[in-house]
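Participant: If you want the building blocks of each chain, they are given just below.
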Amino acid sequence: MEHFWGMTEIASAHGGDIDRLIAYIHYLMLALFVFWGGFFILALIKFRGSRPGPADYAGVKGKFSTYLEVVVALIEAVLLIGFSIPLWAERVNEFPTDKANEVRLVAEQFAWNVHYPGPDGVFGKTSIDLVNNETNPIGLDRNDPAAADDITTINQLHLENNKPIIVHLSSKDVIHSFGIPHMRIKHDVIPGMSIPVWFTPVKTGAFEIACAQLCGLGHYRMKGFVTVHEPTEYQAWMDEQAALLAEEGEGDDFWD
Amino acid sequence: MQIPFTVEARPDTGLNNAKLGIWLFLASEVMLFGALFSSYILLRVNADVWPKGHEILSVPVAAFNTVVLISSSVTVIMAWASLKMGSLSKGRMYLLLTFVLGLVFMCVKAYEYNHKFHTGLFPSESTFLAIYFTLTGLHGLHVLGGMIVFAYFWGPGSKMWHSEPEHFTNRIEVAGVYWHFVDLVWIFLFPVLYLL
Amino acid sequence: MGESVEDIKKHVRVYIGVFVALLVLTGVTIGVSYIDMGHGVNIAVAIVIAAIKASLVAAYFMHLISEKKLIYYTLILAAIFFVGLMFLPVGHSLDEIRI
Amino acid sequence: MSAADHHEAHHQQGFWRTYIFSTDHKTIGIQYGLTALVFLFFGFCLMLLMRWQLAYPGQPIPVIGGLFSDATMPGGVMLPEFYNSLGAMHGTIMVFLGVVPLAVGAFGNFVVPLQIGAPDMAFPKLNMASYWCFFAGGVVMLYSFTAPGGAANSGWTSYPPLSDIATTGQTFWLIGMVFLITSSLLGSVNFIVTIIQLRAEGLSYMRLPFFVWAQLVTAFLLLLAFPPLEAAGVLQLMDRLAGTSFFLPSGLVVTGDVLQVSGGGSPLLWQHLFWFLAHPEVYVLILPAMGIVGEIIANNTRKPLFGYKSLVYAVIFLGFMSFIVWAHHMFLTGMGTTISAFFQTTTMIISIPSVIILTVFFISLWGGRIRFNTSMLFALGFLPMFGIGGLTGLPLGLSASDIPLHDTYYVIGHFHYVVAPGTILALFAGIYYWFPKVTGRVMSELWGKVHFWGSIVCMNFIFFPMLIQGLMGVSRRLYDGGASYDFAEPVIHYNTMMSHAAFALAVFQLPFIINFFVSIKKGKKVDDNPWHATTLEWAAPSPPPHGNFDAIPKVYRGPYEYSVPGAEKDYSPQFEAEA
Ligand code: HEA
Ligand code: HEA
Ligand code: CUA
Ligand SMILES: [Cu+2]
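Chains as they are written, first to last, in this note's numbering: chain E, 1 to 256; chain L, 1 to 196; chain B, 1 to 99; chain V, 1 to 579.
Just so you know, these hints were derived from the structure itself, not from any lab.
We put the beta carbon where it would ideally sit given N, CA and C, even for glycine.
Treat the hints loosely; a few may be bogus.
[As the list claims (entries may be wrong)] So the derived label-pair ranges between C-beta atoms look like this:
| hint | chain 1 | residue 1 | chain 2 | residue 2 | range |
| --- | --- | --- | --- | --- | --- |
| 1 | B | 10 | V | 20 | 18 to 26 angstroms |
| 2 | L | 122 | E | 163 | 47 to 55 angstroms |
| 3 | V | 34 | B | 40 | 55 to 63 angstroms |
| 4 | B | 40 | L | 122 | 27 to 35 angstroms |
| 5 | E | 90 | V | 507 | 26 to 34 angstroms |
| 6 | E | 153 | L | 108 | 57 to 65 angstroms |
| 7 | E | 5 | V | 143 | 45 to 53 angstroms |
| 8 | E | 223 | V | 76 | 20 to 28 angstroms |
| 9 | E | 243 | V | 241 | 50 to 58 angstroms |
| 10 | B | 47 | E | 5 | 21 to 29 angstroms |
[Claimed, not checked] Here are the computed lysine-lysine pairs in the DSSO-like style, where the Cα-Cα straight-line distance is at most 27 angstroms:
| hint | chain 1 | residue 1 | chain 2 | residue 2 |
| --- | --- | --- | --- | --- |
| 11 | E | 46 | V | 569 |
| 12 | V | 554 | B | 69 |
| 13 | V | 569 | B | 68 |
| 14 | V | 309 | E | 46 |
| 15 | L | 159 | B | 9 |
| 16 | L | 90 | B | 10 |
Construct all of the structure, not just a fragment, from the sequences and the given hints.
Facilitator: Listed below in structure tokens is the structure:
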């Protein structure tokens, strides 16, 4: 799993595929650039005005350039059909629903609200009427039984290593874009839609979420933190959060 | 200096400049209204509820307006035909008639808008009303533009008849083509907004 | 178009005919809209009638029927892009990522 | 046309009619050109302010910073809101008020009627109206800087909901855009009619100079792609002024408060309509530039363009395809496999005609006798720069590789390579090339060369690092240039170097500005055809009089008959009968 030159280390399972595609395209680009660049410089030297003799009316004969264009088209077709389309299909069609963790990410100016379903694996209901920026930014309805064990954090996304994660993206206000460079994952977060995105972290450590879509004056500081844990640590973190919730929450009325 | 083909047709294209110009302009208008119609479709497909037009709007009033607009299309073509046959006075009469029909259309539209506003139905009320006001408003602006053109050709513009009758007739034809297009848009707006 | 007065008079009769046709079709659209044939059918019928009316206007009033090729080319181009405009936003909303 | 002869009476026209409200395509072209250059300069200055902030985030701008109000730069330190305004307005001004008016309004207006042997544009009054609409749009855009909350600050793309809830500047932006769109529509109708109807005798389509072809296709793009944006603009104006919610879905909570709107709208609708315009728009930026480069290369290699026909077909095909690739800007908005596959495919297809065009230019060099004058240097500089820009479009055009690159500096690098060292260099080439036609004088070669080398070197130092930053994942439109992200650490230091290069770039524009104005008065006088060119504009006197030609020219051959074997000169103009 080699990362492409100039890019960050790869921390997700599919990152290598993406980088491979990017690498291949860049080789094609480089080949074209070097070839035509060489041709260009050669032509400029060889046919500079100070050389003797008139210009050649007919110029280049033969079909060489046509063949080259066909080759370029063929390579593009291979990259498209052989790599890009299948990779994309894997991203948007093959959700590993039964073996993945799930989390909701609710973006707002300028923060990432993280919503875990908790041990029961079911997201509690949310409602915009319950939104309170200090205490309940996503408007979670703690009266909903499914919500009782839900864990929420701000800007802190904790993931389990080697376990696929499905992130449900939604936004409270404007368009944001959820990007984790190390994970080779990025997706716009569009108000009015809930868009699922998935990937599998394969490296423990700390990474950053970068908002990639202009979302207002705080766009530049809309940063989130990703921590990838080994499964045991992850469970420990979850338990800790659950304990915190129990301590703070003391039942439902906390949220009233 | 004289610009070629302002009146006579260029042999290889068979068109004069204004004729080609107006059709190009209409092609761009097709894209303008096309974009709005496609917005309408997108919004409607994604909406949970969408009222039937006649629950909110008055079909008889709009039907009346449809007839007015269709009639004005006939009068404008009659204006052109009269000029073709050499009668300025009849041509101007039809132009005036077209203008008046346009005015009637606008008055009815104003009445409709007014009625809506009085019953508290503003564009901000619902997506349906928003698109209704936008589409009919934009269409109304086109009608208004046409009326200004006809007023001009009926009034000061008609002087041209005495020096260049053919050029003047062409201009009426071109203005007519525009006017028919405005009519044509309405032909779609009527069922889309009022009936479906 | 070097048409004689006679030609024009003939045209005028056609125009009147088209006018009548348009009025009738307007009546038909309204009438049909009160018959419930199912949502899709109703829409289809209304659009088809509107398209017929529009073609009449374009063909006769706008003289499209006797117009030069160049104008057809322009309109075909616009029509192609128009179709693109019509279907792709819808296409997009139907092809959303779902689990 | 005897009936119209009395129009002809050459009454002496006053100052206003000759220079301000002129209907002469040449005057209008010059008006467009000067206005566009001023806007280009203005857009450039906005960029310099941004580049300071990127290099030295949060540090006060020396001297200049003090001139700004507290609403924008308290104590000379730029506020994030102001940075966003600068970005949005830099993009808007460069694209809609700088490059398009210069490439289409100025070069198109001045050169096209001359190159087809026409006395003027088909609709001179419309031409004037188009200029004044453009001017009004520009004034509105400039005025928007004084609006409460400053100018538009939602990016040149103005994505709602952000733009729907943005400050008043956005309303001005929309109104300005409506003016600019109207101007372009009027202009494009005029161009198409002029090119189709007013070609001189003998000038068949396949004898048109490539520049005219490029302008024709461009005009079609403007004609058919702009109306959807106009529609979108109207809808957004409604959202902002009439309280509708075309682009606002239900249930938005902005800074803690529920937004009181009817909802039910779609933010993606705007994106579709915007990109339906804006993708063709990018080809509007590049096609006239390619046209200019084609002219200059043919002229200065002293041989015909290789494969003129394939060039023409490629441009037409490019124009057509540019209407069906728009959603490659929207891969990451929730697109499934089918639609994304469609748009990736069209995007790959559209890269082929660009490859053909570039290849044609490269191969045209082979066998020439290349004159390295200033305009040729700029034209040659265009080729590799556009090459880099175009090639970097490929990884963006495949949806899978677009995932890490979307909305990063890689995109910024990609398109600046095509528009700045690409289009801008080509436009400079055009200025140096046609300057003698407009004024009867040439610009200084020496200062021209200084301008060229300075510009191209500096531009590469600005834009190449952007590609590297983008690969690392640095987002665009960041007020601090990405300084707060750890992963950006390895590439963040480039920002200072890039900004210094941008400041140096500003210095290298001085020779141009001085050269430009000095040469108008003091440049070396030359005859009507100083470059020994073949196309029709060189048959007219320099500067051409009202009505352009002393006698309407007739065309005898193709546009680039240079070094015809057996001919006595190394160029056989289109307007000279067989010897
Ligand atoms: C003039 C402007 C211009 C041009 C010509 C292009 C050309 C292309 N563009 Fe670009 N593009 C923009 C301006 C332009 N673009 C802008 C402004 C944006 C950003 C908008 C925004 O978000 O703000 C953008 C964004 C953009 C995106 C969206 C990226 C994203 O947001 O994630 C994509 C994706 O497909 C793309 C693709 C392409 C492609 C495939 C081409 C192709 O047409 C390119 C084809 C050319 C080639 C393939 C080159 C051929 C080269 C050779 C033959 C060899 C050369 C060798 C030497 C020179 C030695 N562009
Ligand atoms: C045609 C379009 C165009 C052009 C030419 C340029 C030119 C330049 N642009 Fe810009 N740019 C955009 C279009 C353009 N840009 C767009 C669309 C965006 C995105 C905005 C957004 O995010 O919404 C952007 C964003 C953008 C950013 C990113 C901001 C961000 O994401 O935060 C940066 C950063 O460095 C930048 C820099 C530059 C630089 C250094 C140049 C230089 O190359 C400038 C070169 C220009 C000249 C050399 C002109 C000089 C002319 C004269 C001196 C005139 C002389 C006058 C007379 C004779 C009277 N641009
Ligand atoms: Cu959120 Cu940018
Ligand atoms: Cu594009």
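Participant: Going straight from one Cα to the other, do residue 554 of chain V and residue 69 of chain B come out at no more than 27 angstroms?
Facilitator: Holds, at roughly 26 angstroms.
Participant: I want to verify a distance hint. Is the separation of the beta carbons of residue 243 of chain E and residue 241 of chain V within 50 to 58 angstroms?
Facilitator: holds, 52 angstroms
Participant: For the pair supplied as a hint, residue 309 of chain V and residue 46 of chain E, confirm whether the alpha-carbon distance does not exceed 27 angstroms.
Facilitator: The given pair, whose Cα atoms are some 26 angstroms apart, holds under the 27 angstroms limit.
Participant: Given the hint that residue 569 of chain V pairs with residue 68 of chain B, test it: the Cα-Cα distance must not exceed 27 angstroms.
Facilitator: violated, 43 angstroms
Participant: Can you let me know if the beta-carbon spacing of residue 40 of chain B and residue 122 of chain L is within 27 to 35 angstroms?
Facilitator: About 31 angstroms separates the Cβ atoms of residue 40 of chain B and residue 122 of chain L, which means 27 to 35 angstroms holds.
Participant: Quick check: does the Cβ-Cβ distance between residue 122 of chain L and residue 163 of chain E fall within 47 to 55 angstroms?
Facilitator: holds, 52 angstroms
Participant: Sort out whether residue 10 of chain B lies within 27 angstroms of residue 90 of chain L, counting only the CA atoms.
Facilitator: Roughly 18 angstroms between the alpha carbons, so the hint for residue 90 of chain L and residue 10 of chain B holds.
Participant: Please check whether residue 90 of chain E and residue 507 of chain V have a Cβ separation lying inside 26 to 34 angstroms.
Facilitator: violated, 50 angstroms
Participant: Within 20 to 28 angstroms: is that where the Cβ-Cβ distance between residue 223 of chain E and residue 76 of chain V falls?
Facilitator: At roughly 26 angstroms between Cβ atoms, residue 76 of chain V and residue 223 of chain E fall inside 20 to 28 angstroms, so the hint holds.
Participant: Just tell me: holds or violated, for the beta carbon distance of residue 5 of chain E and residue 143 of chain V against 45 to 53 angstroms?
Facilitator: holds, 47 angstroms
Participant: Does the alpha-carbon distance linking residue 46 of chain E and residue 569 of chain V stay inside the 27 angstroms limit?
Facilitator: Holds: residue 46 of chain E and residue 569 of chain V sit about 23 angstroms apart, inside 27 angstroms.
Participant: If you draw a straight line from the CA of residue 159 of chain L to the CA of residue 9 of chain B, is it 27 angstroms or shorter?
Facilitator: holds, 25 angstroms
Checked against the numbered hints listed earlier, the structure breaks hints 1, 5, 10, 13; every other hint is satisfied.
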